[in-house]
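Letter 13 of the sequence shown, counting from 1, is numbered 339 in our numbering, and no numbers are missing.
Incorrect hints may appear among the rest.
[Claimed, not checked] Now the in silico label distances, taken between C-beta atoms and shown as ranges: (1) Val386 / Gly409: 19 to 27 Å; (2) Arg384 / Pro408: 18 to 26 Å; (3) Glu375 / Gln396: 25 to 33 Å; (4) Arg354 / Val386: 18 to 26 Å; (5) Gly400 / Ser362: 19 to 27 Å; (6) Val386 / Met406: 12 to 20 Å; (7) Thr341 / Asn397: 30 to 38 Å; (8) Arg404 / Ala371: 35 to 43 Å; (9) Asn391 / Ala342: 15 to 23 Å; (10) Gly373 / Val402: 23 to 31 Å; (11) Ala342 / Asp399: 27 to 35 Å; (12) Ala342 / Gly400: 15 to 23 Å; (13) Gly373 / Asp399: 34 to 42 Å.
Everything labelled a hint here was simulated from the structure, so no lab data went into it. Ideal Cβ placement from N, Cα and C applies to all residues, glycine included.
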Amino acid sequence: MTEISGHTGLRAGATAVVDESYSFACMRCGYGWEQSYEIEHHTDADGHEFVIYVADGRVVPSPLNRPTCQNCDGHVVRIMRPGRVASAASAASTASGPSAASASSAASAGERHHWHLSDLLSPFRRAG
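Build out the structure end to end from the sequences listed, making use of the hints.
Written out as C-alpha cells, the structure is:
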C-alpha cells in the first residue's frame with residue numbers, strides 16, 4: 327500500500343512522504359508481523375535523492391535491504407503486501423481442526439498467538 331501524504335513537521339528537507347505497509351514472514355521460525363512506514367524523500371546537497379524510513383516515530387533501516395525477524399533475529403524473511411498476516415490469521419480462525427481450536431482457545435485465554443510459517447501459507451495451498 328502506497329500513499330502520498332501531506333504530513334508536516336517531519337525531518338527538515340523532506341520533499342514528499344509516502345506511507346507504505348508490509349507483511350513479513352520469517353522463513354526460519356515462522357513468525358509473522360505487519361509494519362507501516364513513513365518513507366521520507368529527501369535531496370542531499372549534491373542533488374542526489376535518498377529516502378528515510380520512519381516506523382513508530384523512529385528512523386529505521388529500510389526493511390527491503392535486509393529485513394530482520396522480530397522474533398528470532400533471522401534474516402531469511404519474506405516480504406508481502408499488507409494484510410497477508412491478518413488474512414492468514416482470519417483463515418486460521420475459520421479453519422477446523424485441532425490447531426485452529428488450540429489457537430482460538432489461546433486467543434480467548436488472552437495469550438499471544440505465535441504464528442508459524444504453515445499458518446501463513448495455508449490459505450494459499452490448493453485443495454486436493
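Okay, the hints, checked on the actual structure:
The hinted window of 19 to 27 Å between Val386 and Gly409 holds, with their beta carbons roughly 21 Å apart. At about 20 Å, the CB distance of Arg384 to Pro408 agrees with the hint of 18 to 26 Å. A hinted range of 25 to 33 Å for the beta carbons of Glu375 and Gln396 is consistent with their spacing of about 29 Å. Range check, Arg354 to Val386: Cβ separation about 20 Å, and the 18 to 26 Å hint holds.
About 22 Å separates the C-beta atoms of Gly400 and Ser362, a value consistent with the hinted range of 19 to 27 Å. Between Val386 and Met406 the Cβ separation comes to about 19 Å, which falls inside the hinted range of 12 to 20 Å. Distance hint for Thr341 and Asn397: a CB-CB separation of about 36 Å, consistent with the stated range 30 to 38 Å. For Arg404 and Ala371, the hinted distance range of 35 to 43 Å is satisfied, since their beta carbons lie about 37 Å from each other.
One distance hint, 15 to 23 Å for the beta-carbon pair Asn391 and Ala342, holds here, with the actual separation near 21 Å. Checked against the given bound of 23 to 31 Å, the beta carbons of Gly373 and Val402, roughly 37 Å apart, lie outside it. Checked against the hint of 27 to 35 Å, the C-beta distance between Ala342 and Asp399 comes to roughly 32 Å, which is consistent with it. The given range of 15 to 23 Å is broken by Ala342 and Gly400, whose C-beta atoms sit roughly 33 Å from each other.
Checked against the given bound of 34 to 42 Å, the beta carbons of Gly373 and Asp399, roughly 37 Å apart, stay inside it.
Comparing the model with each numbered hint stated earlier shows that hints 10 and 12 do not hold.
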